[in-house]
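*Asks:* In case you want the letters, here they are:
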Amino acid sequence: MDKMTQLLKLLENTDTIEINDFRMDFDELEIHLMPAVQRMVQQVTKKQAVIAKETLAQLKPFTPPVHNYPGEVAEVQLGAGTRKPVYLGGQKALYRFEEPQPNAPVVTFDVFDIPMPGLPKPIREHFEDVMEHPGEWAKKAVKDYGANMITIHLIGTGPKVMDKTPQQAAQDIEEVLQAVKVPLVIGGSGDPIKDPIILEAAAAAAEGERCLLASANLDLDFRKVAKAAMDYNHAVLSWAITDINMQKTLNKYLMKEGLTQNDIVMDPTTCALGYGVEFSIDVITRTRLAALKGDKDLQMPMSSGTTNAWGSREAWMKKDEWGPTAYRGPIWEIITGLTMMLCGVDIFMMLHPSSVQMLKEIGNTFTKDYLSTDVPDIKNWITELE
Amino acid sequence: MQVTAMEIYRLLPKTNCAKCGEASCMAFATKLSDKETDLELCTQMAANELEKLENLLAPAVREITIGKGSKAMVIGGDEVLYRYELTYYNPTPLVIDLNDNMDDETLKKRVKIIEESEFERTGEKLALDGIALRNISGDKVKFAETASKLKSSKLPLVLCTMDPEAMKAALEKVGDEKPLIYAVTENNLEDMASLAIEYECPLALFVPNNLEKMKELSNILRSKGIKDIVLDPGTYVNNGIGDTLDNFIMIRRLAVEEKDEDFRFPILGIPALTWLYEKDDIQGGIKEATIAATLMNKYADMLIIHGTNIWELIPVLTLRQSIFTDPRKPQMVDPGIYEFGELDEYSAVLMTTNFALTYYTVEGDLKSGKANCYLLVLDTEGRAVDVSLAGGQQSGKSVADLIKESGIEDKVKTRTLIIPGLSAPLSGEIEDECGWEVIVGPRDSSAVPDFILKLKEKQEVK
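Chains A and B, in that order, give the protein sequences.
Just so it is clear: in the first sequence, position 128 is 128 by my numbering, and no numbers are missing.
Just so it is clear: in the second sequence, position 225 is 225 by my numbering, and no numbers are missing.
Careful, some of the hints might be misleading.
[As the list claims (entries may be wrong)] Some, not all, of what chain A presents toward chain B, calculated at C-beta under 10 Å:
#1 His67
#2 Tyr69
#3 Leu94
#4 Glu207
#5 Asn217
#6 Asp219
#7 Asp221
#8 Phe222
#9 Leu273
#10 Leu359
[As the list claims (entries may be wrong)] Looking from chain B toward chain A, a few residues come up when the C-beta cut is under 7 Å (computed):
#11 Asn55
#12 Pro208
#13 Asn210
#14 Gly242
#15 Arg253
#16 Ala293
#17 Thr308
#18 Ile310
#19 Met332
#20 Val333
#21 Pro335
#22 Ile337
In short, the hints are calculated from the structure, not lab data.
We treat Cβ as the ideally placed atom computed from N, Cα and C, and that holds for glycine.
Chain A extracted, bound-state conformation (with noise of 0.2 Å):
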């Protein structure tokens, strides 16, 4: 091999060379580079200019990504009167370090005015001495485990349940009402033909209290919900079925009977963990992108039955191998809960106890500034740990 082969064959897997101790006298110098080499050359400079390209691109220093969003979510106060209000919704922004969101997230226990038999062991046990009397029920909720609001089901009005009347309906919520200073939600029991008249009953006991009357959908008369909640000033919850047009559509009806942004929250429904969390992921967060976008249908703040999650096996039944349902239960409600907290969901009916407080820990943070919290020192967190 020629020298020149020889610094070829060295050149080939390198970008530069470095020569040491090389001296050389001349008059004059001619260089002949060989065109592999010159090719060499020009690739090495090619090469280092995109690397200085490069690094020249990343000096900018870092800036957080904040999005400028044409619209914001309406805000809507529930609880009047005797009730000290609680506000939903109000945001500005998608996260938090864009700009933190007005009201945190609020959580609403699930109360019924009937004992329910069939409600799961781990949550029995918490409310066992007061499932008789929901206005006791509700105390404790609100006494022992912090509840911001309270949600009182009219299970027993269903035909095939209690057929308790309207008249049996209001008195419950009179007692409820007796009972604590809170926000309510009044849930009918799912019979789309008796709701509307329960609704209306329950809406009138509780006339200037702003309550959220739960639901107006499309199986039934939601105009007389609706007209219900503004003859006796109060909210309603809008609920569709994991489909952001037939929220929408019911939005639109809604408002054109009378009732504005600030008196709509909306369900989109919460599909438990493990039973199709992923299609309610989805439908939340296009909704809020679209709230934040400038959709004026569908800028309401969003409510999760989050109770769903306890209809799920892993949270309810027995096996050994699964490990105690005393545990499996709330962390079940908590990922539901939170997984819908994390695409902009304002309000979450839930039913235990320690679900809710989880919740909550994780939501107050919703309302602070990004790195306004002292954080502990993590860096030894290999060692320190056991």
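Using the hints provided, position chain B relative to the given structure of chain A.
*Replies:* This is chain B only, laid out in the frame that chain A set:
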């Protein structure tokens, strides 16, 4: 952001040679855009176009392999911020920690738990993915020895120490298995970076709560030619979870929307830090699962977890299965008759919907309960029992049509249909439409095998 088929098509040879298996270059481009085929299948690419296309097709978040061969996990690879826009790739591996102070027996036991923890759901076996070894002893020899012991395990490794000496000692033993080096920090950058280069291992960059610094260090690592970087912006499990979420979301937004090269890497979350503050096994387990779910929802590409109680892992594994389901694939099975066990003309006939989750749940229960029955699957356009009931896809008429069209009337002599408990409101309507007797079954399909047995006993008594 997803690359469109048109952008890809422009760079393809446009010869429609069909050697890739697609009818045309446009069809190939569409599949490439959906990540359903491989660029290598194109045999006619010009070299410069190939390079351009490779860059164009590189995912927003770099895909990184930890481990090798059958002992590997792949992380990252995501293209979008929200799953409905495309799908998420590479389900978040759950890595369980152990440490180098454990005696042989404890170590063996823990490895066994990690390897064998398993939970079956809708026909899929959900399991754990890796082992993180922490250098808690402060002794590099011990760390290296423990790492060697883990060579016999079936799972890929994460080596956790901030001490480059200890890392080097461990890499000498297991470096050829390509473990993840955790972690490079501001203080050990040169040494750890050299080890990552020398052993060609992926490297985790740990910079708690300081994205500015993280960007700077990531840039330095990249300029050294290190490509496989995993970002750990710190996991705070108490009030600091807000900052952690912000950091995770910002990193991913910068990667996907701004193609910021310093952040186009997978993110590592460490819910195990929960146990720095929680000593109670139950409270800690609930909290750790909560933190794991929080981070997985917001872009964690890999998680290190400490608790191994199955009740803690099941919800996290289930969430992973849900989030990483491909929304582009229809979640349904074919409607019609499905057969279970040994059948005759008097076998029970059941009905459910064609939503995949519903179907596989029922199927699992019928099989594990060794039920003998026909299962009629109704086309509800992939909706669950309660949802299709509300939506009208499940009605007396649609069930009657299914009975007629499926040919079940030729297979059994009985005319009795067991419907799901949740379908109870439909029972009268179905009877009116098809003339069959309707029995309302249990609300949960796990009770079906027993229900069928009892029903049979009752009929035999008659």
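*Asks:* For every hint, state whether the structure bears it out.
*Replies:* We went through each hint and held it up to the structure:
This hint holds: A:His67 has a C-beta 9 Å from the nearest C-beta of chain B, less than the 10 Å allowed. Hint status for A:Tyr69 relative to chain B: violated, with the closest Cβ pair at about 14 Å, above 10 Å. Because the smallest distance between the Cβ of A:Leu94 and any Cβ of chain B comes to about 9 Å, under 10 Å, the interface hint for this residue holds. For A:Glu207, the interface hint is violated, the least distance from its beta-carbon to any beta-carbon of chain B being 31 Å, above 10 Å.
Taking 10 Å as the C-beta contact cut-off toward chain B, the hint placing A:Asn217 at the interface holds, the least distance being around 8 Å. For A:Asp219, the interface hint holds, the least distance from its beta-carbon to any beta-carbon of chain B being 7 Å, beneath 10 Å. Of the supplied interface hints, the one on A:Asp221 is violated, with its beta-carbon coming no nearer than about 16 Å to a beta-carbon of chain B, more than 10 Å. With 10 Å as the threshold, the beta carbon of A:Phe222 stays out of range of chain B, its nearest partner Cβ sitting at about 14 Å, so the hint is violated.
Because the beta carbon of A:Leu273 sits about 6 Å from the nearest beta carbon in chain B, less than 10 Å, this interface hint is met. Evaluation of the A:Leu359 hint against chain B yields a held restraint, the C-beta minimum of about 9 Å falling below 10 Å. Violation of the interface hint for B:Asn55 is found here, the shortest Cβ-Cβ separation to chain A being roughly 12 Å, above the 7 Å cut-off. Against a cut-off of 7 Å between C-beta atoms, the interface hint on B:Pro208 holds, since the closest Cβ of chain A lies about 6 Å away.
Hint status for B:Asn210 relative to chain A: violated, with the closest Cβ pair at about 9 Å, above 7 Å. Hint status for B:Gly242: holds, given a least beta-carbon distance of 3 Å to chain A, under 7 Å. Given the 7 Å rule on beta carbons, the hint for B:Arg253 holds: about 4 Å separates it from the nearest Cβ of chain A. For B:Ala293, the interface hint holds, since its Cβ comes within 7 Å of a Cβ in chain A; the closest pair sits about 4 Å apart.
The interface hint given for B:Thr308 is violated, since its Cβ lies 11 Å from the closest Cβ of chain A, which is over the 7 Å cut-off. At about 5 Å, the closest approach between the beta carbon of B:Ile310 and any beta carbon in chain A falls short of 7 Å, and the interface hint on this residue holds. Taken as an interface hint, B:Met332 does not check out: its beta carbon lies about 12 Å from the nearest beta carbon of chain A, beyond 7 Å. With a least beta-carbon distance of about 15 Å to chain A, the hint placing B:Val333 at the interface is violated under the 7 Å criterion.
Hint on B:Pro335 is violated. Least Cβ distance to chain A is approximately 19 Å, over the 7 Å limit. Hint status for B:Ile337 relative to chain A: violated, with the closest Cβ pair at about 25 Å, above 7 Å.
The structure fails hints 2, 4, 7, 8, 11, 13, 17, 19, 20, 21, 22 (numbered hints given earlier, in ascending order).
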